[in-house]
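Enquirer: Listed below are the residues making up each chain.
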Amino acid sequence: MSHLRSYRAFSLIETVIVIALSAVIMMVLGLLIYNFNKTSLYGQALTQSSGSASTIMREIESLTFPAHAVLQTHTFPSATYTSTSTSLVLEIPSVDSSGNVIANTYDYAVFYSVGTNAYRLLTANALSKRVSGTKQLSATLNALTFTYNNADFTKVGSITIDIQTQASAKQDILSDHRREQIRLRNY
Amino acid sequence: MNVRRGFSLVEVLVSIFIVSVLLLLVQAIIYSAVLTRNSKNQSIALAIARNEIESLRSNGYANLPANGSFADSLLSTLPSATTTLTVSVYNAKTKQVTASVIWKNSSSAASTTVSLSTLLTETGGLP
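Keeping their order, the protein sequence lines are chains Z and F. Under our numbering, the first residue of the first sequence is numbered 1, with each subsequent residue one higher. Under our numbering, the first residue of the second sequence is numbered 1, with each subsequent residue one higher.
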């Protein structure tokens, strides 16, 4: 008996049960991996849309609060930018490395968007502690709108900023909306 | 005798271990999605409170409203959100303003609050 048993193969019913069990386990694992993938893509898109909306808002705040005026137009080394409902040109008093304002010296910044990308271009005075350069703030922009409290740019003291970002995760579209009114502290 | 043998203890333990690891994995996935959504709501609530404080500051000490609530265009993007605004006297020439945003995360029955507080003085504010 024991000699026979040790050479016994699987019976049909055992094989069928094993195949059925492995099929069920495979299905559960497949579903798990599919869900995991979907959730992580969703989370990534959510972070992209809401994270980049916050980034744009913080960056605009950090330069608009110290700004002295909104300029209708300014010529930067690379190009000339105009303040419109989709771009914002700021004149900001320069500050030196110890945080003191340098009289009659200004840094210039523009916020603008190209397609779904939002950029900040800053040209700092040589004495200023701010660093010149272009910085990409978002790659998931849907709409960026500036509303000024006065049609005359020399009289603009507060700006309403409306940011909408959008990222897609497979068939889901995730959007984020921020709106803030910022007053120029040095106006 | 050998044919009627059941599962051994080790086999049962190993299968329980595998099943529990799978369940933990599922739980972690669900929880991470909930966390991401909650943190998005929190950052929106913070933006609303910030904006309110900023607008009160720019309107000046003389125009501070009474206690109550405030409106914001982003409130509708938070689930069942309400706001409260508290203006209290801090000293003779200073008032303390607290703006709170209260909303309900879809995952929990309890509501979550974000509040920001600042002092506004009668003199030395924005022009």
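Please keep in mind that the hints were generated in silico from the structure rather than gathered at the bench. Honestly, I wouldn't trust all of these hints.
[To be verified] With a cut-off of at most 30 Å between alpha-carbon atoms, the simulated BS3-like pairs for lysine-lysine come out as follows:
{"no.": "1", "chain 1": "Z", "residue 1": "K170", "chain 2": "Z", "residue 2": "K129"}
{"no.": "2", "chain 1": "Z", "residue 1": "K170", "chain 2": "Z", "residue 2": "K38"}
{"no.": "3", "chain 1": "Z", "residue 1": "K155", "chain 2": "Z", "residue 2": "K129"}
{"no.": "4", "chain 1": "Z", "residue 1": "K38", "chain 2": "F", "residue 2": "K95"}
{"no.": "5", "chain 1": "Z", "residue 1": "K170", "chain 2": "F", "residue 2": "K93"}
{"no.": "6", "chain 1": "Z", "residue 1": "K170", "chain 2": "Z", "residue 2": "K155"}
Enquirer: Hint compliance check: list the failing hint numbers for this structure, sorted ascending.
Expert: 1, 4, 5, 6
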